[in-house]
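As given, the protein sequences belong to chains A and B, one line each in that order. Anchor point for the first sequence: position 60 equals 60 in my numbering, and the numbering is continuous, going up by one each time. Offset between the second sequence (1-based) and my numbering: plus 1000.
Keep in mind that the hints were calculated from the coordinates and are not lab data. All residues carry an ideal CB built from backbone N, CA and C; glycine is no exception. Just so you know, not all the hints are guaranteed correct.
[Claimed, not checked] Example chain B residues on the side facing chain A (calculated, C-beta under 10 Å, incomplete): (1) N1030; (2) G1031; (3) Y1035; (4) A1039; (5) T1044; (6) F1045; (7) L1046; (8) S1047; (9) Y1048; (10) V1050; (11) D1052; (12) F1063; (13) S1085; (14) A1091; (15) L1098; (16) I1099.
[As the list claims (entries may be wrong)] Listed below are the simulated SDA-like cross-link pairs for lysine to any residue, each with C-alpha atoms no more than 20 Å apart in a straight line: (17) A:K17 with A:T86; (18) B:K1102 with A:K17; (19) B:K1102 with A:M41; (20) B:K1057 with A:G98; (21) B:K1102 with A:S61; (22) B:K1102 with A:Q88; (23) A:K31 with B:R1066; (24) A:K31 with B:V1050; (25) A:K31 with B:F1029; (26) B:K1081 with B:F1060; (27) B:K1102 with A:D38; (28) A:K31 with B:G1028; (29) A:K18 with A:S87; (30) B:K1102 with A:G40; (31) B:K1102 with A:L60.
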Amino acid sequence: EADIYQTPRYLVIGTGKKITLECSQTMGHDKMYWYQQDPGMELHLIHYSYGVNSTEKGDLSSESTVSRIRTEHFPLTLESARPSHTSQYLCASRWQIGEAFFGQGTRLTVV
Amino acid sequence: GQNIDQPTEMTATEGAIVQINCTYQTSGFNGLFWYQQHAGEAPTFLSYNVLDGLEEKGRFSSFLSRSKGYSYLLLKELQMKDSASYLCAVAGQAGTALIFGKGTTLSVSS
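Excised from the complex, chain B in its bound form (with noise of 0.2 Å):
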């Protein structure tokens, strides 16, 4: 089976830095994503890791670990409007499906 975890709240300030965490435990890896969703809106991708290391995207990056089946998403420079939920999502083996975890719900206060 997968497992994902990651924190439920999180705040912080405009202008700060934020480290989002994720674990997840599955059986076989294709694939880490990280998704940004407004409430009452679809999800949007943000970043896609599949192989060790940071993947960086202007103001967000990524980070994955495979052996410690670990990842972080980054979000420097904060503005109001990245007050969101983020999904971290794992793909696994072959013929297993998409898995999200639960959201990290970001508010950020001026």
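Excised from the complex, chain A in its bound form (with noise of 0.2 Å):
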């Protein structure tokens, strides 16, 4: 069983608010991934890292930013909140090779 959370895994906030969407994993995997999801659609790549202190964006362009402080722990935060940010953000984690684990996901409501 897949040891990654997600919380908030609902939110409603107004917009401009500045909002951080927590990921943490107990796998020691070194790599974590952040993807936005709108219903029925793909999954889009919007940050990822390798490691400790090891950040890069994805192919979506994103208005949020990323830390990678601890290894277990890879928060998402938006400074301020618009309704287009309104979408499902998916996190997940890999060794180097093998699959990587999903979180629940936060679907995020900016109204």
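From the two separate chains plus the hints, produce the assembled complex.
This is the structure in structure tokens:
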């Protein structure tokens, strides 16, 4: 069973607010990823990390930022939320080889 | 860059066999993955191929040909609960991320 957790599961927030989506894994995985997915649509990679102090932007332009200060923790921050940020955000982690494990996701609604 | 193609939609009936194809182009290759995703849920891992050939796991099998940049997922004895989106993902060369295709929505009818 995968040990990767995302909080909160659901979040409704007003425009202009700063929010941080949490992702933690207890498997000691080096690689961690953030994906954005609208209902019925594809997964878009927005950020990834290969280890502590390593972060890269993905293919989808995003106004969010990430940090990787500890191996197990990979939070995603939106400095000023907008309605266009409404989506599901999925965090995943994996070893150097092998499959990625996904968290349950955070469904964000910006009103 | 990386490019992954798979059909958008497929339909099948209960008890049948269905094959979902995936073609990819990557700079380097470190494995191909298949995931299942039900609506509103996170993807769950189905199979992993890094060498050419067939990997079998119960009702699900996955095949890889690295020289052709081609994989397929084979689902046997289809059940209604197999109605879901099936995602093909590729890990490129070291230093690149895990990229997903757009997914194939499979509808199983009775």
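Do the hints match the structure? See the list:
Proximity of N1030 (chain B) to chain A holds as hinted, the smallest CB-CB distance being about 7 Å (cut-off 10 Å). Annotation: interface hint on G1031 (chain B) holds; nearest CB of chain A at approximately 6 Å, less than 10 Å. Because the beta carbon of Y1035 (chain B) sits about 8 Å from the nearest beta carbon in chain A, less than 10 Å, this interface hint is met. Checking A1039 (chain B) against chain A: minimum C-beta separation of about 7 Å stays under 10 Å; hint holds.
Checking T1044 (chain B) against chain A: minimum C-beta separation of about 7 Å stays under 10 Å; hint holds. The interface hint given for F1045 (chain B) holds, since its Cβ lies 4 Å from the closest Cβ of chain A, which is under the 10 Å cut-off. At about 9 Å, the closest approach between the beta carbon of L1046 (chain B) and any beta carbon in chain A falls short of 10 Å, and the interface hint on this residue holds. The interface hint given for S1047 (chain B) holds, since its Cβ lies 9 Å from the closest Cβ of chain A, which is under the 10 Å cut-off.
Using the Cβ-Cβ criterion of 10 Å, the hint placing Y1048 (chain B) at the interface with chain A is satisfied: the shortest such distance is roughly 5 Å. Taking 10 Å as the C-beta cut-off, the interface hint given for V1050 (chain B) holds, the closest approach to chain A being about 7 Å. At about 16 Å, the closest approach between the beta carbon of D1052 (chain B) and any beta carbon in chain A exceeds 10 Å, and the interface hint on this residue is violated. Using the Cβ-Cβ criterion of 10 Å, the hint placing F1063 (chain B) at the interface with chain A is not satisfied: the shortest such distance is roughly 17 Å.
Of the supplied interface hints, the one on S1085 (chain B) holds, with its beta-carbon coming within about 8 Å of a beta-carbon of chain A, less than 10 Å. This hint holds: A1091 (chain B) has a C-beta 8 Å from the nearest C-beta of chain A, less than the 10 Å allowed. Below 10 Å, beta-carbon pairs count as interface contacts, and L1098 (chain B) has one with chain A at about 6 Å; its hint therefore holds. The interface hint given for I1099 (chain B) holds, since its Cβ lies 6 Å from the closest Cβ of chain A, which is under the 10 Å cut-off.
Distance check on the hinted pair: K17 (chain A) and T86 (chain A) sit about 13 Å apart at the alpha-carbon level, within 20 Å; holds. Under the criterion of a C-alpha separation no larger than 20 Å, the hint pairing K1102 (chain B) with K17 (chain A) is inconsistent with the structure, at around 31 Å. The hinted pair formed by K1102 (chain B) and M41 (chain A) meets the criterion: a straight-line CA distance of about 7 Å does not exceed 20 Å. Distance hint between K1057 (chain B) and G98 (chain A) is fulfilled; the C-alpha atoms sit about 16 Å from each other, no more than 20 Å.
Restraint check: the Cα-Cα separation between K1102 (chain B) and S61 (chain A) comes to about 17 Å, which is no more than 20 Å; the hinted pair holds. Of the supplied pair hints, the one linking K1102 (chain B) and Q88 (chain A) holds, its CA atoms being roughly 16 Å apart against a limit of 20 Å. Between the alpha carbons of K31 (chain A) and R1066 (chain B) the distance comes to roughly 24 Å, so the proposed pair goes past 20 Å and is violated. A C-alpha spacing of about 18 Å is found between K31 (chain A) and V1050 (chain B), which places the hinted pair at or below 20 Å, so the restraint holds.
Between K31 (chain A) and F1029 (chain B), the direct Cα distance comes to roughly 16 Å. Compliance with the 20 Å bound is thereby established for this hinted pair. Between K1081 (chain B) and F1060 (chain B), the direct Cα distance comes to roughly 14 Å. Compliance with the 20 Å bound is thereby established for this hinted pair. For a cut-off of 20 Å, the pair hint linking K1102 (chain B) to D38 (chain A) stands: about 12 Å separates their Cα positions. Annotation: proposed proximity of K31 (chain A) to G1028 (chain B) holds, straight-line Cα distance about 18 Å (limit 20 Å).
The suggested pairing of K18 (chain A) with S87 (chain A) holds, with an alpha-carbon distance near 16 Å, which does not exceed 20 Å. A distance of roughly 10 Å separates the Cα atoms of K1102 (chain B) and G40 (chain A); the hinted pair therefore holds under the 20 Å criterion. Restraint check: the Cα-Cα separation between K1102 (chain B) and L60 (chain A) comes to about 14 Å, which is no more than 20 Å; the hinted pair holds.
Figure legend: structure checked against the earlier numbered hints; hints not met, in rising order: 11, 12, 18 and 23.
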